[in-house]
Each structure stands twice: as structure tokens, then as C-alpha cells.
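Colleague: Chains A and B, in that order, are what the protein sequence lines are. Take the first sequence: its letters are residues 1413 to 1795, numbered as in this note's numbering. Take the second sequence: its letters are residues 2 to 259, numbered as in this note's numbering.
Derived by calculation from the structure, the hints in this document are not laboratory data. No residue lacks a Cβ here, since even glycine has one placed at the ideal position from N, Cα and C. Wrong hints could be hidden among the right ones.
Here are a few chain A residues that face chain B, going by a calculated C-beta distance under 10 Å [said to hold, decoys possible]:
id: 1; residue: 1461
id: 2; residue: 1716
id: 3; residue: 1747
id: 4; residue: 1772
Each pair of labels, with its calculated beta carbon distance range [unchecked claim]:
id: 5; chain 1: A; residue 1: 1685; chain 2: B; residue 2: 259; range: 49 to 57 Å
id: 6; chain 1: B; residue 1: 122; chain 2: A; residue 2: 1433; range: 53 to 61 Å
id: 7; chain 1: A; residue 1: 1633; chain 2: B; residue 2: 54; range: 54 to 62 Å
id: 8; chain 1: B; residue 1: 244; chain 2: A; residue 2: 1754; range: 42 to 50 Å
id: 9; chain 1: B; residue 1: 54; chain 2: A; residue 2: 1415; range: 42 to 50 Å
id: 10; chain 1: B; residue 1: 254; chain 2: A; residue 2: 1459; range: 40 to 48 Å
id: 11; chain 1: A; residue 1: 1689; chain 2: B; residue 2: 65; range: 51 to 59 Å
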Amino acid sequence: MNFDLTPEQQHIRAEVRRFAEQEIAPRARHVDETGEFPAETFRKMANLGLLGLPFPEAYGGAGADSVSAAIAIEEVARACGSTALIYSAHLGLGCAPIAMFGTEEQKQRFLRPAAEGRHLGAFALTEPHAGSDAGATRTTARLENGHWVINGAKMWITSASVAGHLIVTAVTDPGERHAISAIIVPAGTPGLSFGKPEAKMGLRGSVTNAVTFEDVRVPEENLLGRRGRGLQQFLAVLDGGRVGIAAMAIGLAQAAYETASAYARERTAFGKLIGAYESVSNMIADMAVGLEAARLLLYQAAWLKDQGRQYSREAAIAKLYASEVGEKTCRDAIQILGGYGYSSEYPLERIYRDQRLLTIGEGTSEILRVVIGRQVLGEFVGR
Amino acid sequence: MHIVVCMKQVPRDNSVKINADLTINADGIEQIMNLFDEYAVEEALQWNEKLGGKVTVLSIGPDDWKEQVRRALAMGATDSLLLSDPAFAALDVLGAARVAAAAIKKLGDVDLVLCGRNSTDDESAAFAPALARLLGWPQLTYVGKIPALEAGKIVAERHLEEVIETVEASLPAVASVIKGINEPRYPSLLRIRKVAKVEIPAWSAADLGLTSADLAPVLNLAGRVPPPPRPKGEMIDGASAAEKAARLVDKLMEAQVI
Ligand SMILES: Cc1cc2nc3c(=O)[nH]c(=O)nc-3n(C[C@H](O)[C@H](O)[C@H](O)COP(=O)(O)OP(=O)(O)OC[C@H]3O[C@@H](n4cnc5c(N)ncnc54)[C@H](O)[C@@H]3O)c2cc1C
């Protein structure tokens, strides 16, 4: 048993933290207030090699392990939630499916430029009528003269309108048991259009769009992975995505925790530091416990992934716990800062709003409890 | 062209304590590459990209300084050298320059040594001049730009308080650079991975032929206090931006800043 990060993982943490503090954190407020896509930041992240961190060098990546990627997302989130969501979705949803299921040609054509940071990737699964219940997908793709012709509508797609490619799930074999497939659609393909950026509670620098497909035609070879296996593949992709969301939750919570701890050591009330009151120090202690536990769950899930072992259950547990404890941490941090916590002049309310998505995206807490409950009790749970 | 960069590891901030024996206690403070040395590394890398050859990053310090040496390698330095010996623990600036000079002589083929203008911990700014003197090479301090570097010759702008002086020197030479000479790059994460396990060669006092007499401090430290914490800023309140600006102007005039 060994709980230490490797020297390589430690170096990656130190460098990403430094970069995030210098280049990302100073823009976090601006990004939230304006909803502007942080394009300049992403150019710099590309130079650093962040945008392809866990992918093989042969495809433009830095060849790091999943633990390092989790650490990088954590450090980016500690500086800015919006940037972290764009980053995490790019790695986990936009690129990972191609790395996992793509052909050599697809990897060269789509993964390489994305990993090198020349474009972002996006993943379009959710539909207006199919969120948690992804099997209810209505978007269709029919094969016609060597081309997939895609029709339908997607909803809530992170970075859709700024991405260089979209991976879309669609029904290719209606009526079959395995009906859904994944297809890669390059940006700019005729028939592809985007709704205006959704107005959101938080993560406002990350654009989220509805996407419409009207007779969108892509070559047959853009099928990603096996025909009819879109749902199974997507479940495997989500395991990785959940590790990313857990990392993001921990990074945001870490920022809240640091702010609250510093404040508890500075602010006085009734002649004492507020940290001297047990109700305050208990909140800080609970935050420390939550963060520590969430990190162990996160690194365990990422480590299992790196070992090539099953990690679905651990990813679900890490995501569920980190997102819920992260939310509580932000809530308590605001409590400790009192009025200043509630003020938009300070970062906590932004972090709280940003954190709020994380019990919803990539598997709601309720769905994750069903997943975990089934593993414990059996398949009858939730049926 | 073989460029050597002298690099020091320093505490990230100055919230240090002073031990009873007047040494600095930076326990618990993150260690980073000295700010000015980062510019020196970047300058060396940029010239290396144009001219080829080698960039050796050299540091005098204990084993854990390898972290920052590694960072310089990840930025792109081609070679590294740690000068490490228990006898180097209490070097003063002249002693440190002697150690570096011995190593540079031993390397033999060095064309240019780049240093930061000073370290952010000791702030003596005497290392580069002492090193140049010991090597018997020209010294160019406060360099804010290197317009030309070629076989046998360097042209440098010295950014002094009131003037910019353009000087030319023959190589080999020692130059110390200031902040702003370039924009240091972040090391790529791919290179960070690649250098994580690189062996960093280490030379001891014996390897350099240095005796305790060479290393004995000539400076006598009479006292040392930690720098005062930065005073808290003052927030200026006002109903409107114009009112705030007017109050700010009053304050600045009171303080005779304007
Ligand atoms: C900012 C943002 C970014 C997003 N980015 C992407 C993206 O890039 N790509 C993408 O494909 N999607 C994305 N999504 C969509 C996201 O994954 C879905 O919102 C999420 O899966 C939930 O689906 P839903 O919103 O349709 O809610 P629903 O599935 O309708 O759920 C509504 C409620 O019912 C509960 N519920 C549903 N089924 C069950 C059940 N069986 N048992 C118990 N409770 C249940 C849920 O937990 C929830 O509380 C994003 C969403 C947001 C808000």
C-alpha cells in the first residue's frame, strides 16, 4: 500500500497549480461575469500540454496517467470552475471516446488536433426528452450512399458551439436491442446548428448549447466504435467523466476551504478570532475531513483506471461523494464568511454556484445511488 | 554555443523565520526557482534554439534542489549539474562564486554564463560580478536585452537607473539579467514527465578540488531580521467612482506621492 503521489504526479500538480494561479485564477471573475469563452487561457493551456495530458504522445498527448489528469482538473477547478468544466468535458467527453474506441485514422484526424489543443471536443448525448434515461434517445442516423444522415436535437452540450468536433449518439438501428451508435461530426458540417448559449446559474464561462441536426451528412467511417454499441460505450466513457467531475468538485471545494480557513484566522468577533468558536472550527474540521475522504476516493478510482481494472463503482462513489461534500463545503465556507461570503465581491458565491452542477451532470446523485444500490442489493433496485 | 545558467532555489515568499544561528528558516514555505534566474533560463533557451549547442543549468545546493533543476530541464535545458556537498552549507556569496567558478572551469567549453541579477532571498547581487572576477571574464550586469550573440561576441543592453547602455564584450563572459528581458515559458507537462527520472549529475567539493580554506566565509553576518510583513492596503470608500477617485487623490497628495 502506498498513498504517496509519484514524483511525476507531484511535479505535474506543482506546475499546473502555478499555471492556474498565474493565468487562470485572475480571470475567473471576469469569465463568470461576462460569460466570455476564455480563449486566451486555452491557447496557453495548449502550450503547456494540458489539453492532451492523458493521451498517448503518438496522438499529440503528454502520455500522463489518469491520476495526473485528475490532479490537473482539480488544480484548474481550484482557480476557475468554468475553465475546469470546459477542460474536463474536453478531456473526458470530447477526446476520451476517440482514444478508447476510435480507429487509427479517427485518432489522427480528431484526437490529435484536440490533444494538441488546436480544437476542443464535445460530446452530445443528452436530449430534451432524454437525460438520465439516455436509452430514450430520439436522434437518428441512417446510412445513405456511404454517409450517415443525422437528424434530431440535443440539449445541454458543453462547448458545442466552440468545439472542432462533436461526438453524437443517435439511433442507427431502430427496434434492435442495440439501437444506438456514436458518430463523429466535424464542426461546420452543413445542417448542424446551435442554440444561443444557455443562461445558467453558474459555470457561465462555459458555453452550453442546444444542438440541432438537420440532414447532417458525414462519411460512414465517422462511426465511432461499434455500430449499435453507443450506449455501452457511453457508459464506459462516463466512468472516466465521473472521475473528472469528482476532481472538479474537489478543486472547487479546496478553494472554498482555503478561503474560509484563512478568514477564520483573521476575522475577530466579540474579541476573539472567529476560528476560536467551536461552531466555526467544527465546520472547518468537517471540510478537511470531506476533502481528504473525497480525494482518496478520487485517486483510488483514477488509480484503478490506470491499472486497467474495473472502476465503474469507484468512479460513481467518488463522483457522488465529492460533489455532495463539495457542495456542503461551499455552503459552510459562505457561512463562515458571513455577509462577505454572500457578496459577489468575494469568490465564494461564484464557487458555490459553479459547484451546484456537479450533483447533476454526468449522472445525477439519484442515478448514482441507483447504480451503487444495484451493485450492493441487485438489479431489482429502481426497477 | 555552451551557455551555463546559474540557478538558485528560494522560498516562494518572505514569511521566513530566523534561526538562533542567524540562518534562514523557511520550513513549510514552498521552494521555487529564483525569479530572476527564470529569466536567465529562458534567455539561454531562446539563444539555444537559434544557435544550437548546450544549455547547462547549474545549482549549488542540497539534494532537494534537484526539484528546481528538473524544472529548468523541463523548460528545455539540455544539461544539468548540481554542486552539492555538506561543506557548501554555509557559503557566503564569494564562496558560492568560487564553487561555481571551479565547476565552470572544469566544464571547460563554456561560452557564456547567465545569472539572475540577484536572488530574492539574499539579494546581494554580488554573485555574478564575483563569478566573472574569479573566472577573469568580462561581466555585464543588469542586462535587459541581448541584441546579438555569436561566436566570440555578445552585445548587451544594460538597463541602468537612468540610461540604457549598449555594450559589447568578447566571449566567454558572465551576464546577469533583469526581469522583463523575456517572458519565461511554462515547462510542458510532457517534458516534466520525461525529466522526472533523469539523473542529475552532482559534483562535490573534492570533485572540484576545493578545500575548506576556499570555502570559509569572508563575510561576517552581524544580524538578520525577517522582512516586515507587507502592510495591509487601505480600501477607499465612496458613493460613486468619482467620489472614490477624489478621495484617492486627496490621500496621495497627503502622502506627497503626487
Ligand atoms: C451545465 C451543463 C452541462 C452539460 N453538459 C453536457 C454535455 O456536454 N453532454 C451531454 O450529453 N449532456 C450534458 N449535460 C446534460 C446532463 O448530463 C443532464 O442534465 C443530466 O444527465 C440529467 O439529465 P436531465 O437534465 O434530463 O434530468 P432528468 O434525467 O430528467 O432528471 C430529473 C430528475 O429526476 C431524477 N431521476 C431521473 N431518473 C431517475 C431514476 N431512475 N431514479 C431516481 N431519480 C431519477 C434525476 O436524478 C433528477 O433529479 C449538461 C448539463 C448541464 C446543466
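Colleague: Honestly, which of those hints from before does the structure not fit?
Modeller: 2, 3, 4, 5, 6, 7, 8, 11
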